[in-house]
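Q: Here's the letter readout for the chains.
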Amino acid sequence: MATFVDRYPEEASVVKACLTVAFVSLGIGAFFGLVQALHRTGVVRLFSSVDYYTVLTAHGVLLALVFTIFFLLGLFTWAITRSLERPLPNIRLTWAWVGLAQAGTVATAAAILAGFVPDIGVSADVLFTFYAPMKAHPLFYAGLAMFIVGTWLAGADWFLAYREWRKDNPDERIPLQTFMVLTTMLMWYLATIGVAVEVVVFLLPWSFGIVETVNPLLTRTLFWFFGHPVVYFWLMPAYLMWYTILPKLAGGRLFSDPLARVVFVLFLLLSTPVGIHHQYLDPGIAEGFKFIAMTNTMFLLLPSLLTAFTVVASMEHGARQRGGEGRLRWLGALPWRDPAFTGMALAGLMFAAGGFSGMINAGMNINYLIHNTLWVPGHFHLTVGTAVALTMMAGSYWLVPQLTGRKLYSRPIGLAQVVLWFVGMVFMSNAMHRAGLAGVPRRTAEPQYNSFDFTTTMGSIEELQLQIAVGGTLLFVSVVLFSFNMLASAIEDPVETPVDDRLPAPLSGADGSPRVLDNLRLWTAIAVVLVVLAYTLPLASIVQDAGLFGNVPGVPMLIGNFVESLAGVIA
Amino acid sequence: MRLTPAGALVLVAFSVPVAIELRTLFGIFGVALPLASVVVFEAVLLAAIAVAYVASSDSDADAAAKH
Numbered sequence: 030m031a032t033f034v035d036r037y038p039e040e041a042s043v044v045k046a047c048l049t050v051a052f053v054s055l056g057i058g059a060f061f062g063l064v065q066a067l068h069r070t071g072v073v074r075l076f077s078s079v080d081y082y083t084v085l086t087a088h089g090v091l092l093a094l095v096f097t098i099f100f101l102l103g104l105f106t107w108a109i110t111r112s113l114e115r116p117l118p119n120i121r122l123t124w125a126w127v128g129l130a131q132a133g134t135v136a137t138a139a140a141i142l143a144g145f146v147p148d149i150g151v152s153a154d155v156l157f158t159f160y161a162p163m164k165a166h167p168l169f170y171a172g173l174a175m176f177i178v179g180t181w182l183a184g185a186d187w188f189l190a191y192r193e194w195r196k197d198n199p200d201e202r203i204p205l206q207t208f209m210v211l212t213t214m215l216m217w218y219l220a221t222i223g224v225a226v227e228v229v230v231f232l233l234p235w236s237f238g239i240v241e242t243v244n245p246l247l248t249r250t251l252f253w254f255f256g257h258p259v260v261y262f263w264l265m266p267a268y269l270m271w272y273t274i275l276p277k278l279a280g281g282r283l284f285s286d287p288l289a290r291v292v293f294v295l296f297l298l299l300s301t302p303v304g305i306h307h308q309y310l311d312p313g314i315a316e317g318f319k320f321i322a323m324t325n326t327m328f329l330l331l332p333s334l335l336t337a338f339t340v341v342a343s344m345e346h347g348a349r350q351r352g353g354e355g356r357l358r359w360l361g362a363l364p365w366r367d368p369a370f371t372g373m374a375l376a377g378l379m380f381a382a383g384g385f386s387g388m389i390n391a392g393m394n395i396n397y398l399i400h401n402t403l404w405v406p407g408h409f410h411l412t413v414g415t416a417v418a419l420t421m422m423a424g425s426y427w428l429v430p431q432l433t434g435r436k437l438y439s440r441p442i443g444l445a446q447v448v449l450w451f452v453g454m455v456f457m458s459n460a461m462h463r464a465g466l467a468g469v470p471r472r473t474a475e476p477q478y479n480s481f482d483f484t485t486t487m488g489s490i491e492e493l494q495l496q497i498a499v500g501g502t503l504l505f506v507s508v509v510l511f512s513f514n515m516l517a518s519a520i521e522d523p524v525e526t527p528v529d530d531r532l533p534a535p536l537s538g539a540d541g542s543p544r545v546l547d548n549l550r551l552w553t554a555i556a557v558v559l560v561v562l563a564y565t566l567p568l569a570s571i572v573q574d575a576g577l578f579g580n581v582p583g584v585p586m587l588i589g590n591f592v593e594s595l596a597g598v599i600a
Numbered sequence: 002m003r004l005t006p007a008g009a010l011v012l013v014a015f016s017v018p019v020a021i022e023l024r025t026l027f028g029i030f031g032v033a034l035p036l037a038s039v040v041v042f043e044a045v046l047l048a049a050i051a052v053a054y055v056a057s058s059d060s061d062a063d064a065a066a067k068h
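Protein chains in written order, with the numbering used here: chain A, 30 to 600; chain B, 2 to 68.
Hints in this document: simulated from the structure, not taken from any laboratory. Just so it is clear, the structure is predicted and the values come from calculations on it, not from any experiment. Any given hint could be a false lead.
[What the hints assert, rightly or not] Calculated pairs, SDA-like style, for lysine to any residue (alpha carbon to alpha carbon, straight line, at most 25 Å): (1) Lys277/A to Arg3/B; (2) Lys319/A to Leu129/A; (3) Lys277/A to Ala534/A; (4) Lys436/A to Arg111/A; (5) Lys196/A to Arg111/A; (6) Lys45/A to Trp181/A; (7) Lys196/A to Lys319/A; (8) Lys196/A to Asp540/A; (9) Lys436/A to Phe328/A; (10) Lys277/A to Asp574/A; (11) Lys277/A to Pro6/B; (12) Lys436/A to Leu10/B; (13) Lys436/A to Pro6/B; (14) Lys436/A to Glu521/A; (15) Lys436/A to Val53/A; (16) Lys196/A to Arg121/A; (17) Lys436/A to Thr5/B; (18) Lys436/A to Phe15/B; (19) Lys277/A to Ser60/B; (20) Lys436/A to Ala342/A; (21) Lys277/A to Trp181/A; (22) Lys277/A to Tyr81/A; (23) Lys45/A to Arg435/A; (24) Lys277/A to Ala7/B; (25) Lys277/A to Phe42/B; (26) Lys277/A to Leu26/B; (27) Lys277/A to Phe15/B; (28) Lys277/A to Ala14/B; (29) Lys436/A to Ser542/A; (30) Lys45/A to Ile57/A; (31) Lys277/A to Thr5/B; (32) Lys277/A to Leu4/B.
[Said to hold, decoys possible] Calculated from the model, a selection of chain A residues having no Cβ within reach of chain B, i.e. all distances over 12 Å: (33) Asp80; (34) Trp194; (35) Asn390; (36) Met454; (37) Glu492; (38) Asp522; (39) Phe578.
Every residue gets a Cβ at the ideal spot worked out from N, C-alpha and C, and that includes glycine.
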């Protein structure tokens, strides 16, 4: 029986090229995560605190942007090709966007890593939330722009594939995986308007010296216009796998195709008009606009809860197909030996915990308790750091054999790897949340202050630091195991059927659902209207207050120079 | 139902957040458990999983012998 690489060899090469970049970024980013966790907690200090923001920026950009989005590019290429059952229409276009996104990544990474060598004079220690007043070298912004344009072209490639399929299938419902890819990309096009304007109109000219000042609040707001929906851009590949692959791995079928479509439509509608909830403490935005953003954000819980119901129902169906019985005993019948299944299931469980801490972030009043504390990284290490990253790693155990035609090297190592990630993240994120409640700040190499002790509700700060260090170490070991397993799998002997890649039809198919669900123009139009309603007045108010380009000259992020200047001033 | 090695491993993983969050749960009710209690509780959970695994393997062996 042929697998994906036999049917679509060119597309398999594209997916492998994307996943290779993703996995290399994962390895480097995880290493920076480890040294950062050990540095912050004071366990081992391998670098000077002056370089902390270089490490933090590399960690954030390589994991939150490069690893996740390159995995998405590969997964969506696979999903479009297999669900439309045809090769991509123009493989040159496909390789063009792969090359553009890779070149952008290299430029961005070079700008960040150059920060370790001050003599070069290139630095981009602006974190992955790259808004003013922190300023990076133009290479950083140019690389990001290339990367984003690469994703736009990828989306265009997938829409062209869909258009060709539609010509041959005028009356068919959009295949579910294609529907998920297209709605996600529509959301992405809308969301990236914010970051495109921020980078092209403000940050890039500012870093080149073409304009002298920017309006920091405007760039922050444009960043978060993109910065919250990017969360769903990370998450949608995980959802695609939970909806279409996990039920099969569990031994069953997806519970409801229409419900899955409703969820993706809701994410298209609601992902973007919520970004201001990241700015509850920003002066210059009226409380009323923040309240609207909070209300919109709370609506986003609905698709997540629908997903929890649908995915768990699909897993239960699978377990009962495998002989599972009872109210909860069916859990024992699930295929826990399979690292792809176990990793995705554990990721889903952690996502539930991340959802609850996210509700705290989203609430205007209670957000003030944890804003800019270590709680926030604790939250997103559960969501992007586990729900997304662990699902991607686990999914790779099922996906990669289809791309290489070779079996997975070791399922036991894979199982140990996903379990280790779960345990490591429990340690680390739990301690981060608790430290945040004690007021420990995020984004600092030295979370200690003279004559001040953080007070925890239980245990001690030292315990929490140890927990973070142990968790971070376990997570890094987990990435090492994953990388080893992937590399070893790449040199296995080719086999005819490396994995069962068939995806069964859902229990409740698309045929009985309203055709309006597939009306992408309608949903896009509504999404645009919601964004206009949510952002027009706040943006107008920000520009009216401080002008389009403001009056902030910027803070070049060369910490070493800054510290020297400060020392000079004090002396 | 037989507890497989993979099932036991996943139960071990589940036991970690249970042990850690038990302390948080007690904290809500004003009971400050020391760190040692978490270690002891986790050890008890691990022992319980080990016993369940061995018992499940024994019952499987008995069932196989009867057949």
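Q: What's the verdict on Lys196/A and Arg111/A, does the C-alpha distance respect the 25 Å limit or exceed it?
A: Holds, at about 17 Å.
Q: Sort out whether Trp181/A lies within 25 Å of Lys277/A, counting only the CA atoms.
A: Not satisfied, since the Cα-Cα distance of roughly 31 Å exceeds 25 Å.
Q: Tell me if the straight-line CA distance from Lys319/A to Leu129/A falls inside 25 Å.
A: violated, 37 Å
Q: Mind checking the alpha carbons of Lys436/A and Pro6/B for me, to see if they're no more than 25 Å apart?
A: Between Lys436/A and Pro6/B the Cα gap is close to 22 Å, so the pair holds against 25 Å.
Q: Verify the proposed pairing of Lys277/A with Ala7/B, using a straight-line Cα cut of 25 Å.
A: Satisfied, since the Cα-Cα distance of roughly 19 Å is no more than 25 Å.
Q: Measuring Cβ to Cβ, find out whether Met454/A lies farther than 12 Å from everything in chain B.
A: Met454/A not clear of chain B: closest Cβ-Cβ about 10 Å, inside 12 Å.
Q: Since Asn390/A was said not to touch the interface, does its Cβ keep a gap of more than 12 Å from each Cβ of chain B?
A: The claim holds: Asn390/A sits with its nearest Cβ about 18 Å from chain B, beyond 12 Å.
Q: Holds or violated: are the alpha carbons of Lys196/A and Asp540/A at most 25 Å from each other?
A: With Cα atoms ~19 Å apart, Lys196/A and Asp540/A stay inside 25 Å; holds.
Q: Measure nothing beyond the straight line between the CA atoms of Lys45/A and Ile57/A; if it is 25 Å or shorter, mark the hint as holding.
A: holds, 18 Å
Q: Would the least Cβ to Cβ distance between Asp522/A and chain B come out above 12 Å?
A: holds, 26 Å
Q: Need the status of pair Lys436/A, Val53/A: alpha-carbon distance at most 25 Å?
A: holds, 21 Å
Q: Is it correct that the beta-carbon of Phe578/A has no partner in chain B closer than or equal to 12 Å?
A: holds, 48 Å
The structure does not agree with the numbered hints 2, 7, 9, 10, 18, 19, 20, 21, 22, 25, 26, 29, 36, 37 stated previously, though it agrees with the rest.
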